[in-house]
Amino acid sequence: MALKPLHDRVLVRRTESDEKTSGGLIIPESAKEKPSEGQVVAIGEGARKDSGELIDMSVKAGDTILFGKWSGTEVTVDGEELLMMKESDIMGIIE
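Under the UniProt record's numbering, the first residue of the sequence shown is numbered 1, with each subsequent residue one higher.
None of these hints come from the bench; they were simulated from the model.
Bear in mind that the values here come from a model prediction, so they are computed numbers and not experimental data.
All the given hints hold, so there is nothing to weed out.
No more than 16 Å apart at the CA atoms, straight line, and that leaves these computed lysine to aspartate or glutamate pairs for EDC-like:
hint, residue 1, residue 2
1, 86, 45
2, 69, 37
3, 60, 87
4, 49, 8
5, 60, 45
6, 4, 74
7, 86, 63
8, 60, 95
9, 86, 74
10, 86, 37
11, 49, 87
Generate the whole structure from the sequences, applying the supplied hints.
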């Protein structure tokens with residue numbers, strides 16, 4: 001099943017966090033924080049101004065982004081957990 005976001009929404013796959021600290025300690029699953037970094041899977045067409053003019057999206061599929069810890073809504077597509085969020089929830093693109 002393919003999922004295409006509408007308007008200014010973005011579908012994001014979280015990047016996996018490290019299982020070890022820099023000192024070599026293994027972090028158990030229960031203590032891990034959800035990463036606030038991910039890769040854009042799909043984007044909507046963009047938001048519209050009151051005049052009806054389309055506002056282009058600043059991100060594109062494949063971009064690595066940084067977003068807020070509580071941003072987005074978790075959705076499951078083909079057994080994979082993804083995040084659906086508005087473009088305004090994205091804090092930046094990692095280059």
